[in-house]
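UniProt numbering puts the first residue of the sequence shown at 1, with every later residue one more than the last.
Think of the hints as simulated: they come from the structure by calculation, not from any bench. The beta-carbon is built from N, C-alpha and C at its ideal position, and this holds for glycine as well. Be careful, since some hints might not be right.
Here are the in silico distance ranges between beta carbons for each label pair [to be verified]:
1) Arg222 / Glu172: 20 to 26 Å
2) Gly175 / Asp204: 27 to 33 Å
3) Pro220 / Pro197: 24 to 30 Å
4) Thr115 / Arg222: 22 to 28 Å
5) Ala216 / Glu172: 27 to 33 Å
6) Asp72 / Pro195: 33 to 39 Å
7) Leu208 / Asn155: 43 to 49 Å
8) Ser84 / Ala121: 34 to 40 Å
9) Asp123 / Pro185: 18 to 24 Å
10) Asp233 / Glu147: 19 to 25 Å
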Amino acid sequence: MRLREQADDEPQMRPVQPVLLLGLLLPAAAAICYPFRHRILAAATAGMPVIAASTGGPDSRPVPFTYRPSLDPFAVPALAFTGSGAVDSARVLALSALDEHGDSSLVVIPRPDATRLFGLAEDELLDENAAGLFIPGNLDAALAYLETELAIRRNTGAAAARRLLLVADCAEEAGRIAALLDRYPGGLSAVLLGPWPAPRARVDDDGLVDAPSALAAHLPERLPAMSRTEARDRLQTAIARQTIDRRRPPGRRYSSRRS
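Work out the full structure, taking the sequences as your base and the hints as a guide.
As structure tokens, then:
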């Protein structure tokens with residue numbers, strides 16, 4: 001009778017033994033795998049999409065805009081901007097010309113516009129000799145230089161000359177600029193602020209661009225913002241990187257002031 005009771009108890013005791021053994025092995029296995037937990041997790045989740053956790057409410061913090069598109073300031077003869085983000089856009093395009101096309105272009109920025117865009121003082125960079133930048137005293141001096149330079153190029157047939165880019169507020173000289181663009185197609189490009197009579201791209205505080213199709217085809221949907229301090233630093237870097245070129249036409253540094 002006692003043997004039968006023992007036999008009846010054995011099936012109940014045997015399943016307990018593997019459970020006890022598993023309980024002893026789990027802590028040991030956990031201790032062994034703990035140093036490799038990050039690798040195991042990475043292998044287990046490889047290829048799975050990353051899903052951002054929701055906080056349960058809208059995030060009111062502004063997301064910084066870090067995308068820097070590749071822009072071509074020479075894509076159209078005249079790229080004019082208006083709106084609260086217009087000045088930032090002109091900064092970006094001027095620096096794009098200096099950074100990406102500095103070896104093959106000459107950016108002409110009148111002194112008042114250089115002050116507005118980059119915070120330069122009236123006597124700052126008077127003796128600069130960067131091959132890709134010219135800062136005349138005012139818009140009249142800038143246009144006089146461009147008129148002379150373009151006429152010389154046409155008369156001499158200079159084909160390997162630097163591309164010319166005017167960056168300025170057109171102010172009361174819109175007609176004069178338009179005449180230059182018409183007279184020398186392909187010889188001059190312009191990034192313009194102010195009352196340009198042709199189509200303009202409107203840029204808001206967030207850099208969003210609203211432009212006619214002819215201009216929109218050459219612009220991203222959103223342009224990066226750039227402070228005057230950042231633009232000034234990048235300008236100084238571009239100037240330092242420019243190769244000195246003393247073969248530019250004489251008289252390019254004169255400044256004429258209109259009465």
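Determine which of the earlier numbered hints do not hold for this structure and return their numbers in increasing order.
1, 6, 8, 9, 10
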